[in-house]
Amino acid sequence: MVNVMNVWKHYGTKPVVDDVSISIPKGKITTFIGPNGAGKSTLLSMISRLITKDDGEVRIENQEIGHWKTEELSKKISILKQSNHIHLRLTVRELISFGRFPYSRGRLTEEDEDKIEQALEFVALQDMQDKYLDQLSGGQRQRAYIAMVIAQDTEYVLLDEPLNNLDMNHSVQVMKTLSRLVRELGKTVVLVVHDINFASCYSDYIVAMKEGRIVEEGSTEKMIEPEVLNSIYDMDIDIHTINNQKICVYFQ
Amino acid sequence: MLFKRKIDLLLVLVIVLVAVFLFTGISSNWDYILPRRAVKMVAIIVTGAAIAFSTVIFQTITTNRILTPSILGLDSMYLLVQTGVVFWLGSGSIAMMNSHVNYLVSVGAMIVFSFLLFKWLFRRGENVYLLLLVGLILGTFFSSMSSFMQILIDPNEFLIVQDRMFASFNNVNTELLWVSIIIMGVAFLIYFPNHKYMDVISLGKDHAVNLGVPYEKIVQRLLVIVAILIAVATALVGPVTFLGLLVVNLAHEFIKTFRHNYLIVVSILFSVIALAGSQLIVERVFTFSTTISVLINFVGGIYFIYLLLKENKAW
Chain G
131 MVNVMNVWKH
141 YGTKPVVDDV
151 SISIPKGKIT
161 TFIGPNGAGK
171 STLLSMISRL
181 ITKDDGEVRI
191 ENQEIGHWKT
201 EELSKKISIL
211 KQSNHIHLRL
221 TVRELISFGR
231 FPYSRGRLTE
241 EDEDKIEQAL
251 EFVALQDMQD
261 KYLDQLSGGQ
271 RQRAYIAMVI
281 AQDTEYVLLD
291 EPLNNLDMNH
301 SVQVMKTLSR
311 LVRELGKTVV
321 LVVHDINFAS
331 CYSDYIVAMK
341 EGRIVEEGST
351 EKMIEPEVLN
361 SIYDMDIDIH
371 TINNQKICVY
381 FQ
Chain W
454 MLFKRKIDLL
464 LVLVIVLVAV
474 FLFTGISSNW
484 DYILPRRAVK
494 MVAIIVTGAA
504 IAFSTVIFQT
514 ITTNRILTPS
524 ILGLDSMYLL
534 VQTGVVFWLG
544 SGSIAMMNSH
554 VNYLVSVGAM
564 IVFSFLLFKW
574 LFRRGENVYL
584 LLLVGLILGT
594 FFSSMSSFMQ
604 ILIDPNEFLI
614 VQDRMFASFN
624 NVNTELLWVS
634 IIIMGVAFLI
644 YFPNHKYMDV
654 ISLGKDHAVN
664 LGVPYEKIVQ
674 RLLVIVAILI
684 AVATALVGPV
694 TFLGLLVVNL
704 AHEFIKTFRH
714 NYLIVVSILF
724 SVIALAGSQL
734 IVERVFTFST
744 TISVLINFVG
754 GIYFIYLLLK
764 ENKAW
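Chains as they are written, first to last, in our numbering: chain G, 131 to 382; chain W, 454 to 768.
The following block holds chain G by itself, in its conformation from the complex:
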């Protein structure tokens, strides 16, 4: 269980995350939505200890993240940032093997190799495993990064805008992969998404943020409603049910 309690973050005097408390349900896809600058990424970074929080507590399995050994925490929770650019010349397989670092400390065992193989298979990149990252398309590269997180084999997987800069086809592939992570491997996935229809079609639980605060949270069914979305985005959004999926129409 991940519990966030009264967490604050200021940049200068401006609060970017303003007294936020949430519990992230286990074994589900939780999506953070909200306008730019709402503090979603900052919150995700604080939950995964990438940046320090000014105040409040983040508890993972009832223990404050500051009290976890960072080595142990890396076997429990993983994060993939939106700007994850790596300046090294790495092959897909080499990248994924970095995901095993918390377990192997750089010396890969038989078990690590198996996990790497499974991760490659999970994102369907076996044929590409010896290609360099800069030879891949955007979608393939994103899947390679996700495979690294899969190899890390953590209960909680946090992703900051994993669909950024991907076309529709690649976005769907990534979201299907994430959904399989939850259904098949029983992981808990938390992500930030800007396309509200992806949030609607794939998530179990939606948290809406605005100006550093949580404005609304609940099941997808409850959240994808005109009044709720209007309060988040300040615009009128029509919702139609197509093939049992709630689709938001807001383009005009």
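To be clear, the hints were calculated from the coordinates, so they are not data collected in a lab. Please note that a few of the clues may not be correct.
[What the hints assert, rightly or not] Under the rule of at most 27 Å between Cα atoms (straight-line distance), these lysine-lysine pairs were calculated in the DSS-like manner: (1) W:Lys-763 with G:Lys-261; (2) W:Lys-763 with G:Lys-199; (3) G:Lys-306 with G:Lys-376; (4) G:Lys-199 with W:Lys-658; (5) W:Lys-649 with G:Lys-205; (6) W:Lys-670 with G:Lys-261; (7) G:Lys-199 with W:Lys-670.
[As the list claims (entries may be wrong)] Listed below are several chain G residues computed to face chain W (Cβ distance under 10 Å; list not exhaustive): (8) Pro-165; (9) Leu-203; (10) Arg-237.
In this text, all values refer to a predicted model and were calculated from it rather than measured experimentally. By construction, the Cβ of each residue, glycine as well, lies at the ideal position given by its N, Cα and C atoms.
Put chain W on the given structure of chain G with help from the hints.
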């Protein structure tokens, strides 16, 4: 096992260069010339290794391939100390004449400076880029102070200072060489437990933290090691940090890998080859009419421009 073969090749080259340097061009007086050349050679190997090693670490911390630790301002600090001593105490003072005292003062000043810098920075919890910026500004400030004092002093005194501005292996003090080796050995011992983190740190801070590296702690330790290595190497032979840029990038080109096991070894080998080769050219071709710094800065400068042009394209 291509890496192993490449390393062997470099190793052979090092051995050939060392042998040529030690054993050729001696007609008589073997017992006089050989030990002196041996000291020079050991100094070359030790400083070469220190410079290459610290540059690899530094570039990994900053995830930047065109930086050298000289951006921390340590060589400028060294020159400021040398100039300052001549300016206030004169070239005949003990701090200038006695190489032990000079070494102590130089190493002390550089290490105290970098520790204060790191301490201030880490207490504020700032990132490493602010360190680079502050180091760059202080380095420029030290250089300007040095130039200012150099203009004021007597031209004869200036010659003494100028002598310190360029690295030289020609009169390395044997005792100081041993002291340096011991200090560097200690630095290496502190480094060794952190070695396993190096590959992961080169992915950048976010990935490293995500993968369970105690990032702040390790990076602070690594920076201290870099400072010690640079301080000792500079106090021993003079400023040669530019060499690091050249050899580490050559190592990257030569073995296209991110693995520090190989990168460190190959960089050190290139470093020794570059220094021993330059020293040979300075001694045998130019018969001491130029200095090793000039050669290295010349070649290194050209390579640096090439790198900058190439950075436009992804590599």
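Taking the hints in turn, this is what the structure says about them:
no.: 1; hint: W:Lys-763 with G:Lys-261; result: holds (22 Å)
no.: 2; hint: W:Lys-763 with G:Lys-199; result: violated (42 Å)
no.: 3; hint: G:Lys-306 with G:Lys-376; result: holds (17 Å)
no.: 4; hint: G:Lys-199 with W:Lys-658; result: holds (17 Å)
no.: 5; hint: W:Lys-649 with G:Lys-205; result: holds (17 Å)
no.: 6; hint: W:Lys-670 with G:Lys-261; result: violated (34 Å)
no.: 7; hint: G:Lys-199 with W:Lys-670; result: holds (13 Å)
no.: 8; hint: Pro-165; result: violated (24 Å)
no.: 9; hint: Leu-203; result: holds (7 Å)
no.: 10; hint: Arg-237; result: holds (8 Å)
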